[in-house]
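J.: Spelled out from the first residue to the last, the chains are:
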Amino acid sequence: MSAALPIPVIQLLQVLTVALAAPGITGVIAKVEARLQGRRGPRVLQPYYDLAKLFRKEALAPEKVSWFFLAAPLIAVTAYLTIPLLIPVLTSYGLPLGYMGDILGGGFLLSLASFVVATAALETGSPYAQLGSSRAKTFSAITEPVVLFVVFTVALLTGTDLPYALAATVRSSAGQVIRPAHLLAAAALFMVILHETGRIPVETHTGTNEFGMIEEARAFEHSGPYFALLKWGSELKQLILFTILADVFLAPWGLASTQQLGAVILAIAALLAKACAVGCAVAVIDNSFAKLRLFKITEYVSAAFLIAVLGVFTLYLGGG
Amino acid sequence: MDPVQAAPGVYEGAANVIAAGMLLIEFGMLRQALARDQIRLYMAQSALLSVLAVVIAADRNLPELYALAALSAALKVVAVPLVMRRLLGRTDPDEGEEAPGVAGSHTLSPASAVLAGIVLAAYGFFCAGALGIHSPDAPVLALALAAAMVLVAFGLMIVRRDVASQAIGFFTLENAISLAALVVASGLPLILETAFLFDLLVAVVVFGVLIRAHHARAESLSTADLTRLRG
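Protein sequences, first through last, are from chains A and B. For the first sequence, the positions run 1 to 320 when my numbering is used. For the second sequence, the positions run 1 to 231 when my numbering is used.
Just so you know, the hints here were simulated from the structure itself, not pulled from any lab data. Incorrect hints may appear among the rest.
To be verified - Derived DEER-like restraints, expressed as beta-carbon distance ranges:
| hint | chain 1 | residue 1 | chain 2 | residue 2 | range |
| --- | --- | --- | --- | --- | --- |
| 1 | A | ALA277 | B | ALA58 | 26 to 36 Å |
| 2 | B | SER109 | A | GLN37 | 27 to 37 Å |
| 3 | B | PHE126 | A | SER223 | 47 to 57 Å |
| 4 | B | VAL78 | A | LEU292 | 28 to 38 Å |
| 5 | A | LEU272 | B | PHE126 | 37 to 47 Å |
| 6 | A | LEU292 | B | THR223 | 26 to 36 Å |
Unchecked claim - Which chain B residues stay away from chain A? Per the calculated CB distances, all over 12 Å, these:
| hint | residue |
| --- | --- |
| 7 | ILE18 |
| 8 | GLY21 |
| 9 | LEU115 |
| 10 | LEU145 |
| 11 | ALA148 |
| 12 | VAL159 |
Glycine included, each C-beta is placed from N, C-alpha and C at the ideal position.
Based on the sequences and whatever the hints tell you, model everything.
T.: As structure tokens, this is what we get:
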């Protein structure tokens with residue numbers, strides 16, 4: 001009926017879908033959030049206009065910064081755009097480049113992006129940018145063990161640490177969905193994602209209140225296209241994390257199992273729908289809980305750690 | 001050992017998920033600062049226990065467990081929380097004061113308490129694992145979760161310095177033991193299960209008297225006052 005797409009095209013489509021849809025997902029979340037607060041909110045397409053405006057603006061850099069300050073946004077976006085090659089975005093079968101790296105590989109790329117942005121922020125000498133990068137590094141260090149235990153759970157469940165393998169395992173039977181290890185790992189990962197995308201527990205991801213500012217502060221000294229790249233990068237990171245949660249853990253259904261054009265288009269629609277659903281859930285959670293004080297972050301992370309550790313424990317005894 | 005673990009059946013998976021949920025609620029009690037919220041968590045945990053009884057009844061075809069689930073829900077989701085609320089809400093009936101808080105009764109910060117709880121739970125897990133039970137009738141995981149819950153309930157009673165949290169900790173201990181009884185000996189005669197259930201009522205009365213007596217004497221729920229010797 002419909003034409004079969006060559007594999008490289010599908011692989012390219014994975015990256016393009018994530019790259020182009022990421023600002024839109026941010027727009028949807030902003031709209032839902034505004035609605036929940038009784039405002040009308042910006043247009044869903046507003047993030048695209050923001051990016052377009054910033055790309056047309058002049059780029060300025062502080063005095064005495066090295067080339068790295070300007071290279072960092074490019075490296076970060078490149079790292080973010082590499083990750084969609086490694087995870088199931090559109091297809092349920094592994095694409096050739098999909099086995100280039102496992103879950104840890106994806107994690108390394110996320111950390112690399114965050115590291116170069118933090119280093120560039122340090123170079124500026126601006127106190128706010130430095131505060132942001134110092135906080136970001138400190139708190140990512142305490143969420144690291146949670147992610148590690150989630151990876152252990154995946155490894156115990158599938159015997160590998162490939163995201164494709166876990167998605168296939170989850171699809172294989174209802175027993176795999178309802179087993180506690182899987183649900184606990186997914187819950188822990190969701191808590192980490194809430195933290196990493198700056199929703200809960202302390203960060204206000206909009207506005208410029210420095211008390212609750214972690215990731216936002218790092219981009220203070222960048223401007224023009226470079227600032228646009230950083231903004232786009234954080235939107236990409238959000239969509240990538242949502243995709244990992246939806247397509248690997250919670251709902252690996254609706255992915256294309258063939259190379260047919262129709263199936264791939266359906267998979268794109270399913271991905272966008274799933275990302276919007278996760279985004280709505282995130283917006284509701286974000287708006288129903290009060291922000292905590294900065295140092296209460298350990299309480300939140302300890303809860304996520306507990307859930308992840310319990311997941312591994314249940315598997316250790318078998319039958320989890 | 002095969003690294004890839006086969007999934008348990010849907011019923012057993014659901015039972016394990018419910019048991020894990022009960023353990024998570026136990027951990028939630030470690031950080032709650034209000035007696036009201038702790039009673040709410042106790043209600044949620046008891047409700048999960050009743051759901052678990054229904055799941056096991058459906059799975060193993062034991063109709064008397066439905067009766068036990070209903071009885072347990074009536075007692076632990078409705079009656080005990082009601083009594084606890086009355087006890088805490090009007091410790092002094094003449095003044096009709098607000099429920100005294102249990103805030104500030106943490107001896108450890110919530111994050112440290114959770115980490116200590118993880119260690120206790122790990123100990124419970126590995127002890128249950130060391131028993132080496134391999135039987136389709138006694139799911140070792142739910143048993144291990146129950147053992148972990150018992151230890152964390154003890155931990156809750158140790159790290160909190162107020163009578164209300166200690167009472168709730170004691171009641172959840174009973175929940176943990178009911179969980180173990182349900183998964184290991186679900187075929188127990190109904191009369192025995194019910195007898196265990198009514199043991200809880202004795203504990204509620206004892207703790208009720210204890211809370212009132214302590215509040216009347218020390219004008220607080222904190223047990224920190226008890227460490228001072230009185231001449």
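J.: All hints are to be evaluated individually against the structure, with a verdict given for each.
T.: Verification of the supplied hints:
1. Between ALA277(A) and ALA58(B), the C-beta spacing of about 30 Å keeps the proposed range 26 to 36 Å intact.
2. For SER109(B) paired with GLN37(A), a C-beta distance near 33 Å keeps the hint of 27 to 37 Å intact.
3. The hint said 47 to 57 Å for the Cβ distance between PHE126(B) and SER223(A), and at roughly 56 Å that hint holds.
4. The hinted range of 28 to 38 Å is satisfied by VAL78(B) and LEU292(A), whose Cβ atoms lie roughly 33 Å apart.
5. Separated by about 45 Å at the C-beta atoms, LEU272(A) and PHE126(B) satisfy the suggested range of 37 to 47 Å.
6. In this structure the supplied range 26 to 36 Å holds for LEU292(A) paired with THR223(B), their Cβ-Cβ distance being about 28 Å.
7. Its beta-carbon lying about 9 Å from the closest one in chain A, ILE18(B) breaks the requirement of being farther than 12 Å from that chain.
8. Its closest Cβ contact with chain A, about 9 Å, brings GLY21(B) to no more than 12 Å, contrary to its assignment away from the interface.
9. Taking the minimum C-beta to C-beta distance to chain A, about 6 Å, the non-interface status of LEU115(B) is violated against the 12 Å cut.
10. For LEU145(B), the condition that its CB be more than 12 Å from all CB atoms of chain A is violated, with the nearest at approximately 8 Å.
11. ALA148(B), annotated as away from the interface, has a beta carbon of chain A within 12 Å; the closest lies near 8 Å.
12. The beta carbon of VAL159(B) is kept farther than 12 Å from every beta carbon of chain A, the shortest such distance being approximately 14 Å.
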